[in-house]
Amino acid sequence: EADIYQTPRYLVIGTGKKITLECSQTMGHDKMYWYQQDPGMELHLIHYSYGVNSTEKGDLSSESTVSRIRTEHFPLTLESARPSHTSQYLCASSEEAENTEAFFGQGTRLTVV
Amino acid sequence: ILNVEQSPQSLHVQEGDSTNFTCSFPSSNFYALHWYRWETAKSPEALFVMTLNGDEKKKGRISATLNTKEGYSYLYIKGSQPEDSATYLCASRWYGNNRLAFGKGNQVVVIP
Numbered sequence: 001e002a003d004i005y006q007t008p009r010y011l012v013i014g015t016g017k018k019i020t021l022e023c024s025q026t027m028g029h030d031k032m033y034w035y036q037q038d039p040g041m042e043l044h045l046i047h048y049s050y051g052v053n054s055t056e057k058g059d060l061s062s063e064s065t066v067s068r069i070r071t072e073h074f075p076l077t078l079e080s081a082r083p084s085h086t087s088q089y090l091c092a093s094s095e096e097a098e099n100t101e102a103f104f105g106q107g108t109r110l111t112v113v
Numbered sequence: 114i115l116n117v118e119q120s121p122q123s124l125h126v127q128e129g130d131s132t133n134f135t136c137s138f139p140s141s142n143f144y145a146l147h148w149y150r151w152e153t154a155k156s157p158e159a160l161f162v163m164t165l166n167g168d169e170k171k172k173g174r175i176s177a178t179l180n181t182k183e184g185y186s187y188l189y190i191k192g193s194q195p196e197d198s199a200t201y202l203c204a205s206r207w208y209g210n211n212r213l214a215f216g217k218g219n220q221v222v223v224i225p
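Listed in order, the protein sequences are those of chains L and D.
With the working numbering, the residue at position 58 of the first sequence is 58, and numbering never jumps.
So the mapping is simple: the working numbering equals the position in the second sequence, first residue as 1, plus 113.
I should point out that these hints are in silico values taken from the structure, not numbers from a laboratory.
None of these values were measured; they are calculated from a predicted model.
Some clues are possibly wrong.
Said to hold, decoys possible - Pairwise CB distance ranges (calculated):
(1) L/N53 / D/P225: 37 to 43 Å
(2) L/L11 / D/T164: 25 to 31 Å
(3) D/L124 / L/G14: 23 to 29 Å
(4) D/T153 / L/G16: 28 to 34 Å
(5) D/G167 / L/N53: 25 to 31 Å
(6) L/P8 / D/Y189: 35 to 41 Å
(7) D/Y189 / L/G14: 36 to 42 Å
(8) D/R212 / L/G14: 30 to 36 Å
(9) L/L60 / D/G167: 30 to 36 Å
Said to hold, decoys possible - Facing chain D, according to a computed beta carbon distance under 8 Å, are these residues of chain L, among others:
(10) D59
(11) A97
(12) T100
(13) E101
As the list claims (entries may be wrong) - Footprint (simulated), chain L over chain D, 3 or more residues, beta carbon under 8 Å:
(14) 145-157
(15) 175-184
(16) 207-215
No residue lacks a Cβ here, since even glycine has one placed at the ideal position from N, Cα and C.
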């Protein structure tokens, strides 16, 4: 069982609310990622970080923002949620070495009404 | 964004039967291929990370092969069991792009 945790698992929230999705890992990994997945579609990378104070946009444009103040913590924030943000969000981490597997959290299923 | 294609998108397999499915990816500048198993209500878990042409890897009844020249990988499940029911994700990396690109997955349902 991977030591990477996401909270909440499910979230239903109204339009315009600010939300933060939490992701924490206890493996000491420098690399962390956020993926977004819509039903029947691929996982798309929206943010990644290669260490503390390092964050980059991924391949899919997203209105969310991330921060990496501590190695183990990589939260994702939506300042003003909209129905178009309804999706599943997966957090992952990996070791610094190339070609190592990614460890995933269980995901947060977000519904904005 | 480089595309990774998986086929078939879903399949039903009788318990005890063997099955396989395909992951296709652009072969130019290929760097690595990952397979993950994603069971419902759980996290995706890594099965294999493969880099070399002709690579074959095995974990229990599940095995995978890699052809980097033509850009495909096969995943095989031998003697399918109900616990093999899951979505199998394929992801690839290329030189000059240090992120994984995922396919849509192969959803497998094993019928007892």
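Next item on the list: Enumerate the violated hints, using their earlier numbering and listing them in ascending order.
Entry: 1, 2, 3, 5, 7, 11 and 15
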